[in-house]
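Q: Sequence:
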Amino acid sequence: MFRKTISLLWVLLLLLPQLSSAEDLLSEKQSPEISQDLVEIEGENLETLLDRKMKARGNAILKKGNKTIKAEVIEYDEISEKLITQGNTSIELENISLTGSSLNYKLTDYTGQMDDVSFNLKSQKKEQTVIKKGYEITKHNYNYRGDAKTIFFDGENKKRLQSSRITTCEANSDDWYIKSKNIEIDTKKDQVKASNALVEFKGVPIFYMPSTSFSLNKNRQSGFLSSTFGTTTRSGFDLRIPYYFNISPNMDATLSARHLGRRGPMAEGQFRYLTENYSGVNELQYMNHDEASGQDNRYFLKLTHQHQFGRGWSGSYDLQKVSDNNYFADLASMIQVTSVVNLPQRANLNYSGDIWKLNVLTEKYQTLTNALNSPYQRLPQVNLSGNKDFDNFTLDLKSQWTLFDRDDKFKFTGNQQITGSRLSMTPAITIPLTSNYGYIKPKVSTNIRSYNLNHSPDNNKDIITPIFSLDSGVYLDRNINFLSQNYTNTLEPRLFYVYIPYKDQSVLPNFDTGLADLNMQTLFYENQYNGLDRINDANQLTASVTSKILDKNGKERLSAIIAQRYYFEDRRVFGNDQLDAKKANSDIFMGASAKLPNSLNLDAMFQFNPSSNSLLRSTLGARYNPEPGKMLNVSHRLIDNIIDNNQNLEVFNVAGQWPLGNRFYSIGRYNYDLKASQTIEVLAGVEYDGGCWVARSIFDRISLPTTPEANYAFFVQLELNGIGSIGSDANRLNTFLYRNVPGLRTVNQIPDVNRQANFN
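Counting with this note's numbering, you get residues 285 to 1044 for the letters of the sequence shown.
No lab work stands behind these hints, which were simulated from the structure alone.
The reader is advised that the hints may include incorrect statements.
What the hints assert, rightly or not - The following label-pair restraints were derived from C-beta to C-beta distances: (1) Pro716 <-> Phe694: 25 to 33 angstroms; (2) Tyr850 <-> Asp761: 25 to 33 angstroms; (3) Leu886 <-> Thr678: 35 to 43 angstroms; (4) Asn643 <-> Phe808: 18 to 26 angstroms; (5) Ile748 <-> Asn643: 20 to 28 angstroms; (6) Ser495 <-> Ala878: 49 to 57 angstroms; (7) Ala878 <-> Asp761: 15 to 23 angstroms; (8) Glu567 <-> Ser532: 53 to 61 angstroms; (9) Ile747 <-> Asp673: 24 to 32 angstroms.
From a predicted model like this one, the values you see are computed outputs, not experimental measurements.
Note that the Cβ used here is the ideal one computed from N, Cα and C, for glycine as well.
Take the sequences, apply the hints, and build the full model.
A: Here it is as structure tokens:
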């Protein structure tokens, strides 16, 4: 039997009173408008019924535009453009393919019905790599497939599925499904909706959703998000059911019903907005009654906003408030939240121009502990600075006026009760002399401070302090060869001299100033204090030498630095501060880093006291990250405080992620206090890569500075690729893991090629 092919266009042409030439027919067939209406039908046996119907039997195929329909038998009515198929039917559309036992379909309005259906939805997006938290992660997109007893076509883009299942698992891998008697698919909106849906995992129903929706291409849309649950020692079982409102492309909200086993129900809400000129996030948590503590009306409120007004002007505010001091300790599960001491309530107005910069700030805090931890309120603070480069010199001005006040709920005594205003102005002139091989930068400045005080024996105080500094450096380099590779070796000596005459500042208040830690960076500061209430006297020289090894591409492979400060006079302003004011030399600071092959990075920093021949501080770190999903961080930190032994510290930390084979990944962190001989934090977790799903379980134990007993947390999460997660809140858990294991990639952030290597 030979195969026949008949075009309905040819049949139509035979009925016309006039015949067109072959050339005309060819041009019409090539016309885009006609080709979209062209219907072609073919099969092993063809017959015409009543000059309007075509019937193809045996491997029948019908094509129109971007639609291709295949079946054992296709019967097509050219007047109504309806078709009926029998046996093993398949239909290929632009972004969905379907197979079933039969099809009743109308080509003109894309309506019809298909029985015993299997379908595949194709994602329009590809795998992509993005930067998150400073690290690369991979974003995947997934193809959806499923089956249904019946599919109803309700137009070109809408389909209704009855008694259906849908998943992102590969064919022949039915690990999980969302099952529902009613599922709607809108391929134009890339949206799937299901009612009375049941999540079935490994054949076992695990979760019921009265209504759910999700995007085929991860586009935002309203609907219930995956519920989350977890447990903590202070609050017990924690269940959260969120609903997401996609208000507009630049605005959304999430409302969550939350239940804490030991405390009772609470409500949470978040509202976000983003435009070209402004953005913000508003959050509210509210618990009417806490069954554990007996407290009523517990809440947390956070309002943040950033605004670009144009012409260099901008503004922002960050307002946070809780109902009581123990709110975070009782209701939060993350250490970075439970250890909060001061909640900011601040607003900013900023201007940035070519020369001038202005900042107006109002700032106060809600202090959750005691008066000792309560910062001064700034009501307000005005910063004005300017910088202008001329041909041979640079003029600079830094000024600040601040009105300091205290929180009325605390009682302060002595110098702590002093309030008032402070004006500080520092004009400066710098004459830079630069070349390709080095630089010299002399700088002369004067600091002027004026105080108007309350609760102080002296209401008005003024002080003027001149400052001179000279910064200089040389750039030297040479070519070297090592292991048959060419490198550039640089040598960069630097000298930084500062002279500041002594000014008695003992009668001045201290609103916001503390002695900065002396380290590799602050060695090159003019003033060792942070804040504006103190300026140290100085007659000192800091010397350093930096050397680097650069490869042929200019990438730094090795670097080392050594620095020390030399004092020509005793320091008098420091007084009883934690610094030896009579030492002739500072400690010696040394640092080194290496970026070795196979993604191994090493870092070291040392502070050595030559007088006592002792190591006062050291930080050692190693990071090994040969490929995504394989990462190990090891560090050791030492602080030996010779003045206050209570400030001594020696901590060992190891954190990482590593594939174990057979689809398993390990996650862990161990943080140990060697001085106190006790564990600070232990985190242990495991992830399993199911291909179309990921299961993870995380255990964490941490000793909090705010509570006498350690806090335990246990997270369990099942992530269904392309749908969402069940169990612990995904955003909170990911934030928790990123903080504890920097550089971590969860399974679904690892490229497929690396995931495949861990399958065996």
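Q: Look at each hint and say if it fits the structure.
A: Evaluation of the provided hints:
1. Checking the proposed 25 to 33 angstroms range against Pro716 and Phe694 shows it is violated: the Cβ atoms sit about 48 angstroms from each other.
2. The hinted range of 25 to 33 angstroms is satisfied by Tyr850 and Asp761, whose Cβ atoms lie roughly 27 angstroms apart.
3. Evaluation of the 35 to 43 angstroms hint for Leu886 and Thr678 yields a pass: the beta carbon distance comes to about 39 angstroms.
4. For the hinted restraint 18 to 26 angstroms between Asn643 and Phe808, the CB-CB distance of approximately 25 angstroms keeps it satisfied.
5. Our hint of 20 to 28 angstroms for Ile748 and Asn643 holds, since their Cβ atoms are close to 24 angstroms apart.
6. Between Ser495 and Ala878, the C-beta spacing of about 56 angstroms keeps the proposed range 49 to 57 angstroms intact.
7. For the hinted restraint 15 to 23 angstroms between Ala878 and Asp761, the CB-CB distance of approximately 19 angstroms keeps it satisfied.
8. Taking 53 to 61 angstroms as the suggested C-beta distance range, the pair Glu567 and Ser532 does not conform, at roughly 19 angstroms.
9. Distance hint check for Ile747 and Asp673: the Cβ-Cβ separation is about 30 angstroms, which falls inside the suggested range of 24 to 32 angstroms.
When held up to the earlier numbered hints, the structure conflicts with 1, 8 and fits the remainder.
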